[in-house]
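Sequences listed follow chains A and B, in order.
Counted from 1, the first sequence has number 44 at position 45 by numbering that gives the first Met the number 0; the numbering is strictly sequential.
Counted from 1, the second sequence has number 77 at position 78 by numbering that gives the first Met the number 0; the numbering is strictly sequential.
In short, the hints are calculated from the structure, not lab data.
It is possible that some hints are incorrect.
List of simulated lysine-lysine pairs, DSSO-like, C-alpha gap at most 27 angstroms [what the hints assert, rightly or not]: (1) 53/A / 7/A; (2) 53/B / 53/A; (3) 130/B / 16/B; (4) 166/A / 201/A; (5) 166/B / 130/A; (6) 130/B / 166/A; (7) 166/B / 142/A; (8) 53/B / 166/B; (9) 16/B / 58/B; (10) 142/B / 130/B; (11) 58/B / 166/A; (12) 201/A / 130/A; (13) 53/B / 16/B; (14) 142/B / 166/A; (15) 130/B / 201/B; (16) 142/B / 58/B; (17) 130/A / 53/A; (18) 142/A / 166/A.
Some chain B residues near chain A, calculated using beta-carbon distances under 10 angstroms [to be verified]: (19) 32; (20) 115; (21) 125; (22) 155; (23) 167; (24) 174.
We put the CB at the ideal spot given by N, CA and C, even for glycine.
Protein chains: 2
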Amino acid sequence: MRYPPGHKEERRRELLKASGALVKERGFAASGVDALTEAAGVTSGAFYSHFTSKNDLLKALVESELRASNERWAANPHETAEDWIGYELDRYLSMSHVRHPEAGCVLPALGAEIARADGEVKEAYARELAKGIDILTRRLGDKDRAWAFLCQMAGAILLARTMPDQKSQLALIESSKRFLQEAFNGRSEAASMKKASTAKRKSPAPRQ
Amino acid sequence: MRYPPGHKEERRRELLKASGALVKERGFAASGVDALTEAAGVTSGAFYSHFTSKNDLLKALVESELRASNERWAANPHETAEDWIGYELDRYLSMSHVRHPEAGCVLPALGAEIARADGEVKEAYARELAKGIDILTRRLGDKDRAWAFLCQMAGAILLARTMPDQKSQLALIESSKRFLQEAFNGRSEAASMKKASTAKRKSPAPRQ
DNA sequence: GTCTATACGCGGATAGAC
DNA sequence: GTCTATCCGCGTATAGAC
Numbered sequence: 000m001r002y003p004p005g006h007k008e009e010r011r012r013e014l015l016k017a018s019g020a021l022v023k024e025r026g027f028a029a030s031g032v033d034a035l036t037e038a039a040g041v042t043s044g045a046f047y048s049h050f051t052s053k054n055d056l057l058k059a060l061v062e063s064e065l066r067a068s069n070e071r072w073a074a075n076p077h078e079t080a081e082d083w084i085g086y087e088l089d090r091y092l093s094m095s096h097v098r099h100p101e102a103g104c105v106l107p108a109l110g111a112e113i114a115r116a117d118g119e120v121k122e123a124y125a126r127e128l129a130k131g132i133d134i135l136t137r138r139l140g141d142k143d144r145a146w147a148f149l150c151q152m153a154g155a156i157l158l159a160r161t162m163p164d165q166k167s168q169l170a171l172i173e174s175s176k177r178f179l180q181e182a183f184n185g186r187s188e189a190a191s192m193k194k195a196s197t198a199k200r201k202s203p204a205p206r207q
Numbered sequence: 000m001r002y003p004p005g006h007k008e009e010r011r012r013e014l015l016k017a018s019g020a021l022v023k024e025r026g027f028a029a030s031g032v033d034a035l036t037e038a039a040g041v042t043s044g045a046f047y048s049h050f051t052s053k054n055d056l057l058k059a060l061v062e063s064e065l066r067a068s069n070e071r072w073a074a075n076p077h078e079t080a081e082d083w084i085g086y087e088l089d090r091y092l093s094m095s096h097v098r099h100p101e102a103g104c105v106l107p108a109l110g111a112e113i114a115r116a117d118g119e120v121k122e123a124y125a126r127e128l129a130k131g132i133d134i135l136t137r138r139l140g141d142k143d144r145a146w147a148f149l150c151q152m153a154g155a156i157l158l159a160r161t162m163p164d165q166k167s168q169l170a171l172i173e174s175s176k177r178f179l180q181e182a183f184n185g186r187s188e189a190a191s192m193k194k195a196s197t198a199k200r201k202s203p204a205p206r207q
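Given only the sequences and the hints, what does the whole structure look like? Please build it.
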């Protein structure tokens with residue numbers, strides 16, 4: 000073979016990374032194969048030696064993106080439920096996440112397109128998402144709360160991105176942040192202590 | 000003129016209705032002008048006598064869909080906050096809404112595509128959404144809670160639609176329903192009284 | 001394994017007849 | 001105002017050279 004061993008796997012990972020970012024930014028249907036491969040520095044011909052079709056890419060993309068999200072949940076360094084939750088609220092419900100879908104969670108960016116995808120994509124999706132829900136369940140106590148937490152956060156980012164200006168976007172995510180803070184940590188005085196929430200905790204990573 | 004007066008306005012309404020359903024089902028980018036007009040019983044030529052471009056349709060569509068949603072919030076017959084909320088939870092967080100995006104709320108179906116739209120679309124969108132938030136604010140007490148309520152509901156429908164089977168879908172929306180029920184009506188015993196929530200209230204309309 | 005070239009259909013949008 | 005016919009670009013996917 001004319002290419003070093005491991006080259007194909009590495010290229011595939013590059014393709015997933017580059018096309019993942021582009022698809023989260025522009026949408027899957029709106030992203031052509033040419034643009035996706037160009038973002039990874041190859042041509043459309045090479046694409047079909049890694050994926051059998053564009054739909055096959057979607058499946059691989061959704062798996063890869065959810066794995067990355069699960070790793071982020073797992074990387075939260077806090078032990079107590081309150082600190083763990085607060086860290087995730089600051090990380091996920093941030094303006095950086097609103098403004099950079101290409102680096103963010105796949106759910107608010109591609110949820111509707113995953114919903115319209117075929118069974119193969121959705122089953123791969125469900126398998127990976129279940130692992131994320133397991134992590135959340137361990138931290139939040141039960142599965143009900145895990146799902147509700149995730150729905151609130153994904154919904155907040157989705158809706159924040161629809162708003163035309165940063166001020167509205169911030170107001171929206173802060174509403175959900177306060178709501179979850181109260182619901183999970185039972186602080187009815189959270190609204191009055193403004194910015195104090197981040198001060199006590201280790202700061203989250205800059206992106207997402 | 001060869002067509003009766005009011006014909007154009009009616010046709011435009013038909014176009015908005017038919018294309019609204021199709022776009023919520025398939026996505027905006029994935030819906031061609033031919034398919035959209037065919038659904039309304041006209042050809043693509045007629046389309047451009049009503050809308051200057053496909054983007055112009057999106058703007059009109061988002062306005063029209065949000066107005067319909069606002070009318071649904073306004074049509075809730077209940078007076079007390081608890082009953083009003085319970086009615087909306089049963090109406091919005093229903094399997095019928097999960098399985099029929101074409102007849103449902105525009106936010107979980109098109110949120111991500113609205114987020115990617117240009118300023119004109121987003122400003123029209125924000126104007127109508129603000130009216131819906133006003134209704135929710137009056138019912139729930141303050142704007143914070145209105146936003147949080149909406150984010151949770153839209154997020155729940157979005158994620159439920161990504162699930163591959165009805166059982167998972169139902170489990171997901173019921174999680175959000177119980178969570179909101181507790182958070183807004185303060186029933187920590189809600190989980191134990193299973194189906195009792197719908198029994199006392201007037202039932203919501205069959206669709207959405 | 002990746003490239004260039006290409007097949008072929010569907011995308012949005014316009015022109016001109018009625 | 002709506003139709004049919006059409007332009008042209010971009011979509012996915014494949015063939016064959018290297």
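Verification of the hints:
1. 53/A / 7/A: Holds. Residue 53/A to residue 7/A sits at ~18 angstroms (cutoff 27 angstroms).
2. 53/B / 53/A: holds, 25 angstroms
3. 130/B / 16/B: Distance of about 21 angstroms is within 27 angstroms: holds.
4. 166/A / 201/A: It holds: about 26 angstroms lies between the C-alpha atoms, which stays within 27 angstroms.
5. 166/B / 130/A: holds, 18 angstroms
6. 130/B / 166/A: holds, 18 angstroms
7. 166/B / 142/A: Roughly 15 angstroms separates the two Cα atoms, so the pair holds.
8. 53/B / 166/B: violated, 37 angstroms
9. 16/B / 58/B: holds, 14 angstroms
10. 142/B / 130/B: Distance ~12 angstroms between residue 142/B and residue 130/B Cα, so the pair holds.
11. 58/B / 166/A: The given pair, whose Cα atoms are some 22 angstroms apart, holds under the 27 angstroms limit.
12. 201/A / 130/A: holds, 25 angstroms
13. 53/B / 16/B: Distance ~15 angstroms between residue 53/B and residue 16/B Cα, so the pair holds.
14. 142/B / 166/A: Holds: residue 142/B and residue 166/A sit about 15 angstroms apart, inside 27 angstroms.
15. 130/B / 201/B: Since the Cα atoms of residue 130/B and residue 201/B sit roughly 25 angstroms apart, the hinted pair holds (cutoff 27 angstroms).
16. 142/B / 58/B: It holds: about 25 angstroms lies between the C-alpha atoms, which stays within 27 angstroms.
17. 130/A / 53/A: With Cα atoms ~25 angstroms apart, residue 130/A and residue 53/A stay inside 27 angstroms; holds.
18. 142/A / 166/A: Cα-Cα ~33 angstroms, so violated.
19. 32: With a minimum Cβ separation of about 15 angstroms from chain A (threshold 10 angstroms), the hint on residue 32/B is violated.
20. 115: At about 6 angstroms, which falls below the 10 angstroms cut-off, the nearest Cβ of chain A leaves the hint on residue 115/B intact, so it holds.
21. 125: holds, 5 angstroms
22. 155: holds, 4 angstroms
23. 167: holds, 7 angstroms
24. 174: Holds, because the Cβ-Cβ distance from residue 174/B to chain A comes to roughly 4 angstroms (cut-off 10 angstroms).
In terms of the numbered hints stated before, the structure departs from hints 8, 18, 19, listed from lowest to highest.
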